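The residues making up each chain are set out below.
2 protein chains.
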Amino acid sequence: MMGWNKAQAARHVRRAAGAALAKGKIVEARDTTRLLEAVIRPGDRVCLEGDNQKQADLLARALAAADVGKLHDLHMVQSGVVLPEHLDLFDKGIARKLDYAFSGPQSTRIAKMLFGGKIELGAVHTYLELFARYFVDLTPHVALIVAVSADRDGNLFTGPNTEDTPTVVEATAFHDGIVIAQVNEIVDKVPRVDIPGDRVDFIVKSDKPFYVEPLFTRDPGAITEAQILTAMMAIKGIYAPYGVKRLNHGIGFNTAAIELLLPTYAERLGLKGKIATRFALNPHPTLIPAIESGWVEQIHSFGGEVGMEDYIRARPDIFFTGIDGSLRSNRAICQTAGLYACDMFIGSTLQIDLLGNSSTVTTSRIAGFGGAPNMGCDPHGRRHPSDAWLLAGKEAAPDMPAPLRRGRKLVVQIVESFGDKNVPTFVEKLDALDLAEKLNLELAPIMVYADDVTHIVSEAGIANLLLCRTRDEREQAIRAVAGYTDVGRGRDKKMVQQLRERGAVRWPEDLGIDPLDADRSLLAARSVEDLVHWSGGLYAAPSRFRNW
Amino acid sequence: MMGWNKAQAARHVRRAAGAALAKGKIVEARDTTRLLEAVIRPGDRVCLEGDNQKQADLLARALAAADVGKLHDLHMVQSGVVLPEHLDLFDKGIARKLDYAFSGPQSTRIAKMLFGGKIELGAVHTYLELFARYFVDLTPHVALIVAVSADRDGNLFTGPNTEDTPTVVEATAFHDGIVIAQVNEIVDKVPRVDIPGDRVDFIVKSDKPFYVEPLFTRDPGAITEAQILTAMMAIKGIYAPYGVKRLNHGIGFNTAAIELLLPTYAERLGLKGKIATRFALNPHPTLIPAIESGWVEQIHSFGGEVGMEDYIRARPDIFFTGIDGSLRSNRAICQTAGLYACDMFIGSTLQIDLLGNSSTVTTSRIAGFGGAPNMGCDPHGRRHPSDAWLLAGKEAAPDMPAPLRRGRKLVVQIVESFGDKNVPTFVEKLDALDLAEKLNLELAPIMVYADDVTHIVSEAGIANLLLCRTRDEREQAIRAVAGYTDVGRGRDKKMVQQLRERGAVRWPEDLGIDPLDADRSLLAARSVEDLVHWSGGLYAAPSRFRNW
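Line by line, the protein sequences are chains A and B.
Under UniProt numbering, residues 1 to 548 are what the first sequence spells out, in order.
Under UniProt numbering, residues 1 to 548 are what the second sequence spells out, in order.
Don't read these hints as lab results, they were simulated from the structure.
Heads up, a few of these hints could be off.
Listed next, the in silico DSS-like pairs over lysine-lysine satisfying Cα-Cα at most 25 Å (straight line) [as the list claims (entries may be wrong)]: (1) Lys189/A to Lys205/A; (2) Lys438/B to Lys394/A; (3) Lys494/A to Lys112/A; (4) Lys236/B to Lys394/B; (5) Lys429/A to Lys493/A; (6) Lys189/A to Lys394/B; (7) Lys23/A to Lys205/A; (8) Lys97/A to Lys70/A; (9) Lys274/B to Lys274/A; (10) Lys493/B to Lys6/A; (11) Lys70/A to Lys118/A; (12) Lys421/B to Lys394/B; (13) Lys23/A to Lys236/A; (14) Lys6/A to Lys274/B; (15) Lys208/A to Lys189/A; (16) Lys97/A to Lys274/A; (17) Lys23/A to Lys189/B; (18) Lys23/B to Lys208/B; (19) Lys6/B to Lys272/A; (20) Lys205/B to Lys236/B; (21) Lys118/B to Lys97/A; (22) Lys493/B to Lys429/B; (23) Lys92/A to Lys118/A; (24) Lys97/A to Lys23/A; (25) Lys112/B to Lys97/B; (26) Lys394/B to Lys429/A; (27) Lys97/B to Lys438/B; (28) Lys236/B to Lys272/B; (29) Lys493/B to Lys438/A; (30) Lys274/A to Lys6/B; (31) Lys205/A to Lys70/A; (32) Lys92/A to Lys70/A; (33) Lys112/B to Lys493/B; (34) Lys23/A to Lys274/A; (35) Lys272/B to Lys189/A; (36) Lys92/B to Lys118/B; (37) Lys429/B to Lys394/A; (38) Lys236/B to Lys23/B.
The structure displayed is predicted, hence computed values, not measured ones.
Produce the complete structure using the sequences and hints provided.
Here you go:
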């Protein structure tokens, strides 16, 4: 048998070492660091659950407190690098190598540590890609996960933020790894079983509820008139002509504006039932007015959203919920839904170059992209036809015989020509390229690649890249919507005029939109308080968003 | 509350109607048709679990026996249309509409029924695509699934063929649908929990074990010398130069030959550890010699394979297994692994056209493609770099600046120029196009699209389409490996010679391979009996493959 069950044998030894500290599967919170030192081995691949939203914060603190003589050179393989402890591990030498997908709040520090050589970078992944590698070449030896409650058999209830947990556990538990869960409470019977207990080795009851970020809440009060204008253009110039029903929205204010214009502006255009009926997306509070107005038929979610719990529970026809009534999310599944069952992704970015490549990475911030690069791509290979997908394919390749012509997923970037602090969004060269040179990366951290983007929307207009036939046309179409940036001022007026005549560029007037009509009165909700009203008091906005 | 919990209310009514026939969750087999009539409503979307391999055959028979006055116009949404009963449903009018992915043994009858208008076709999907739609616009009202055993709480053990079950159940149970499972036995405690009981409404104990097909077993005795030659060329001309470590193999004899040449031919080329170490694939028995020779580090599987149970149990370092020791497969996850964590797909097809489009559909057989179109595509969007992926990208776009240049997944079609009954594989026009015209399909049933294919291997040579710069070059490269077919004889000798000089075409002599060396003695196993020997008697070959 020698050599065929090394992992199984190692698992027995690790489990026995942990069991010495446990009663059944339960370990006291104060013993957590000792548990980790007993179970983890130097050099292990460890997934310390850091999702887009929820964080295994107790386990993160406990691991960061480990004796570096006992635990060192770990290879962290996790979606999110979000908590300070996630990086403390590298500062202390407990961890050495990192494969990850997203690092919002830590993006500045992670950039410094990469420059300083403190972190050996594997790759910056998309969520789905990292999940895929969990089963092929980045399988965790130990998973440190987080749930709401556990019973004594280890059955876990995740609550609405199921997120990455089923995927992380599947990769670890079914390849003889060790699974340790922190939970808010230990109960006799969990409200529903999100993770079966026989996949869980140890449970630690945390002293306080795990950290979860309300990452998808956008205050309607902060939406600008420029963003409303881009939203009007997207609805009238893209959603309507393609008849986009199944889609994903990004996290920004432009798409929040679209959500809040559905029951007002889009309804007046007669689009109800014809666009935006089915979503793969988190439960955005700004979708409440559209849901309440009967616009939305179904939503599948990557994760939950703080404050939306009771509202979701009262709207089970719309959301995926468990027998306990609360949301069941699943990031791997929702990403797949976005890839193959959606006809459009629309989201924002920080920089767009003359070809249409875009990135949210700058030379001082390496945020990673999470799910956007999967949502924001045209998945190749065979797919079922839909009207939106076929029309986009026809625009891109009008001369190809129809039965051989694949459709195209609509990949839309919606921006303002100048972003925060009046920094231009449209640039000759992405900062991501400078970063690639500085860090000697084989691949620049592009978020959405030029050949996948179909439209760029700004307050200046819509560039339809599907209708551009040459590299020059593409560049001019992008310049045409780049407003008063240097890129915009560099446009060839004659060529832009030709592109407008062909519909490859559409300025507001071409769409019959008067920018002066882009008024905050169009928003179905103008404040978080309005959203609470729309929800009949079911939406419990987090305190940081409440000012009434 | 009106209007927001229709599905929940409907679920209560359906569940109560079913409960009248049940003791706890358990329903007697003889009452199955009555259960289905009580729980399902006309027009429902129903997933009758028909996977690539395992079949809910008892539930299929019971549904086909339903009273068409009570159950009619169902919309079947299921991976496989495999059993005669799957189509009897349409003949009888119980079902009307079909969305599916694969129909191997029923491909002739399904074609006839489509021509005859007996089936309203939604679309022919890939597995992953159909799974995605389960969460967006094809969510089942009722799932009829299959497992090995259940306990009285409804916890299910699937055994090695977990396959589609977790995904089907997740879509149905978390959107207020009803889940009914047939099981081989009811036990006090299941060996492991593949599906938590709170997602399962009713259980029926079947009178005999569910049907499962040994779909991935290829008898080494049937491998021809032409197939061995294509395998040698693939190893020396593709695996070696790209250094392909992470990959998926198709189901055909050509790839079985590759598996059997790893410990012999490839080992002599010094390639051990340098290629083919990690797979996303079913447990092919023809991989046993490579595994036993230490070639393979890890395999994640879509499903199981009949007869491989004990072997897998004894090789847990290689396969994903549960605490009970048996394989845990998962089709959705393994497809995702194939998409984003593999650098190559290599598989066979029936027809290839002059552009490189390929299909296994003919005008009389509509088999669907299952997973091949996902495996056989270059997933767009961002991905981590690997040597194989970067090299392929560089060949395709040598002039693009490296940091902006995406790599390419290797998508290899391996064929013989003449297939079964001496029908040419290379054709001017795919039968799939004729079929699209006949059935008035918006999209021809292409399996792998030309723009995703990177290489075509035949006994005549390798066409490297990455190195072709024009449509003409591509066509001539394909003609160059089309042997004595009409397509092959139509080649332009001068242009082919130029392509050979550039390496865009490589004939056996260009690779230093003498076709006379392609001998069955190169195969590590020459019979199923040899495979059993290699496995130390652990592989229990199904009786149809045993002749000793």
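Going down the list of hints, with the structure as the test:
no.	hint	verdict
1	Lys189/A to Lys205/A	15 Å, holds
2	Lys438/B to Lys394/A	21 Å, holds
3	Lys494/A to Lys112/A	46 Å, violated
4	Lys236/B to Lys394/B	20 Å, holds
5	Lys429/A to Lys493/A	22 Å, holds
6	Lys189/A to Lys394/B	56 Å, violated
7	Lys23/A to Lys205/A	12 Å, holds
8	Lys97/A to Lys70/A	17 Å, holds
9	Lys274/B to Lys274/A	53 Å, violated
10	Lys493/B to Lys6/A	56 Å, violated
11	Lys70/A to Lys118/A	19 Å, holds
12	Lys421/B to Lys394/B	39 Å, violated
13	Lys23/A to Lys236/A	62 Å, violated
14	Lys6/A to Lys274/B	22 Å, holds
15	Lys208/A to Lys189/A	20 Å, holds
16	Lys97/A to Lys274/A	48 Å, violated
17	Lys23/A to Lys189/B	22 Å, holds
18	Lys23/B to Lys208/B	21 Å, holds
19	Lys6/B to Lys272/A	21 Å, holds
20	Lys205/B to Lys236/B	52 Å, violated
21	Lys118/B to Lys97/A	58 Å, violated
22	Lys493/B to Lys429/B	22 Å, holds
23	Lys92/A to Lys118/A	9 Å, holds
24	Lys97/A to Lys23/A	33 Å, violated
25	Lys112/B to Lys97/B	15 Å, holds
26	Lys394/B to Lys429/A	21 Å, holds
27	Lys97/B to Lys438/B	19 Å, holds
28	Lys236/B to Lys272/B	13 Å, holds
29	Lys493/B to Lys438/A	48 Å, violated
30	Lys274/A to Lys6/B	22 Å, holds
31	Lys205/A to Lys70/A	24 Å, holds
32	Lys92/A to Lys70/A	12 Å, holds
33	Lys112/B to Lys493/B	43 Å, violated
34	Lys23/A to Lys274/A	57 Å, violated
35	Lys272/B to Lys189/A	51 Å, violated
36	Lys92/B to Lys118/B	9 Å, holds
37	Lys429/B to Lys394/A	21 Å, holds
38	Lys236/B to Lys23/B	62 Å, violated
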